[in-house]
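Visitor: Sequence:
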Amino acid sequence: MKTKQKRITGTQYIFQLIIVLLLLGCEDYLEVESPKSQIDQETVFLDEGYATAAVTSLYASLRDNVLLTGSSNGMSILYGLYTDELDYYSNSGSDFEEFYNHQIIASNGLVLNQWSSSYNLIFNCNSVIEGISSSPSLSQEVKNQLKGEALFIRALTHFYLVNLFGDIPYITTTDYTVNQQVSRMETEIVYDYILNDLILGKTLLGEADLTGERIRANKYVVSALLARVYLYLENWEAAETESSSIINASSLYYFEGDVANEFLNNSQATILQLKPKNEGDNTLEAGTFIFSSGPPVLVALNSEFTETFETDDLRREHWVLEVTDGSEIWYAPYKYKLQENTGASMEYSIIFRLAEQYLIRAEARAQLGNILASAEDINVIRNRAGLSNTTASTTTELMAVILHERQVELFTEHGHRWFDLKRLNKAGEVLAPIKSNWQITDILMPIPETELLLNPNLTPQNNGY
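Quick note: the sequence shown uses my numbering, first residue 744, plus one each step.
I should point out that these hints are in silico values taken from the structure, not numbers from a laboratory.
Cβ atoms here follow ideal geometry from the backbone N, Cα and C, with glycine treated the same way.
A portion of the hints provided could be inaccurate.
[Claimed, not checked] Think about it this way: if two alpha-carbon atoms lie no more than 27 Å apart in a straight line, the pair counts; the simulated DSS-like pairs of lysine-lysine are:
id: 1; residue 1: K1178; residue 2: K1165
id: 2; residue 1: K1020; residue 2: K886
id: 3; residue 1: K962; residue 2: K1020
id: 4; residue 1: K962; residue 2: K886
id: 5; residue 1: K1020; residue 2: K1080
[What the hints assert, rightly or not] Distance ranges between label pairs, derived from CB positions:
id: 6; residue 1: E1119; residue 2: R1166; range: 45 to 53 Å
id: 7; residue 1: E791; residue 2: G1171; range: 45 to 53 Å
id: 8; residue 1: T786; residue 2: N1021; range: 26 to 34 Å
id: 9; residue 1: E1047; residue 2: N834; range: 18 to 26 Å
id: 10; residue 1: A1087; residue 2: L1196; range: 45 to 53 Å
id: 11; residue 1: T946; residue 2: N1132; range: 51 to 59 Å
id: 12; residue 1: L953; residue 2: P879; range: 51 to 59 Å
All chains, please: the whole structure from these sequences, using the hints.
Guide: As structure tokens, then:
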């Protein structure tokens, strides 16, 4: 993080990530050495179109090269391997195999990418926030929208980092003199910053879907993350309130009755999704997960996981692909089904969807002792999957059902299974029997060793590495 930020922020006013975007007409930020003649940050944010392009580029970074990417270095693959979702089929001795075997070391390149790409995105968020805030020409309405989106993405990225690495720096500036010597903050303080960003962002954003494609944050998108954050913090009342705000917006977000179509880009159950880079392309997830013949090239669903679905569960029918060579059977995640260019894109990568909000509210209500209401939320999820109502009648029973429903509903989606096992103190119970190298210190990823060398203030290293 230290070296990269020094290269990017040579002077206080250079903002070449956006300049490259604007001059080359590319949707993504690119890293280049700074030319001698640069348009400064203030000039970029004189124009609403340029400012909006800067913000939408943040979503492109999420899609392509940060934690939420559907490519092989994203959380969906890595923490599927780390838990009981995915089996590994590729080269021995790889960084992926370290995840699968719970033998991660501090020099693991995939861990470094999680850390460095996330902080690069956070730096870009801060550049946008600073540019928008200082712009003399953007209207207040535009400033509010764009700043709210950047605050949301900054909070989202820190949220994943704190859950992966524990104590981390919460970066809110582009000032290199500050960032080069930043220290890790206690997890509780990081969560305070996350909540501050989200609460402010929510006040700045409206309810409207600006594009009609659910690809940019609005007030409900922020509520979706707030509901999850409050759930992780065991603030049950707040989690229930935030999830209810989305569920109650039933004219905007609702189930259409067929789980087979839930991952199409026009699904009304989607809260936020990431649009493919090129028209006609579909998701990176489909290219990563789907295989048509065996053995798999990289990963496949763990066969024991596929057996956790109840008989007649429509999610098993529509979201799991069976592949066989006549003698052996493998299973691929099949939520996203389109690998080829379809002329017009039909699937976008989903970040937040309605089913999670029902499960968040069900858990919050169970913990609050509202047994009947919790069961009602669970039944919404189960009935849509072709299953009967739950028979759970106590908080303990409901929590067991909720964990199972989260397992079969949210599998291979951005590490949900890992974060659930971790926050519910189930990781050792579930993983020790199937991961021979499991240790309690596996709860956290190592701080990349190169980052510790560049900035000793990031010490101490997490236990076990």
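Visitor: Work down the list of hints and note, for each, if the structure agrees.
Guide: Quick rundown of the hints versus the structure:
no., hint, verdict
1, K1178 <-> K1165, "15 Å, holds"
2, K1020 <-> K886, "25 Å, holds"
3, K962 <-> K1020, "25 Å, holds"
4, K962 <-> K886, "15 Å, holds"
5, K1020 <-> K1080, "17 Å, holds"
6, E1119 <-> R1166: 45 to 53 Å, "24 Å, violated"
7, E791 <-> G1171: 45 to 53 Å, "52 Å, holds"
8, T786 <-> N1021: 26 to 34 Å, "29 Å, holds"
9, E1047 <-> N834: 18 to 26 Å, "24 Å, holds"
10, A1087 <-> L1196: 45 to 53 Å, "48 Å, holds"
11, T946 <-> N1132: 51 to 59 Å, "39 Å, violated"
12, L953 <-> P879: 51 to 59 Å, "24 Å, violated"
Hint check: violations occur at hints 6, 11 and 12; the rest are consistent with the structure.
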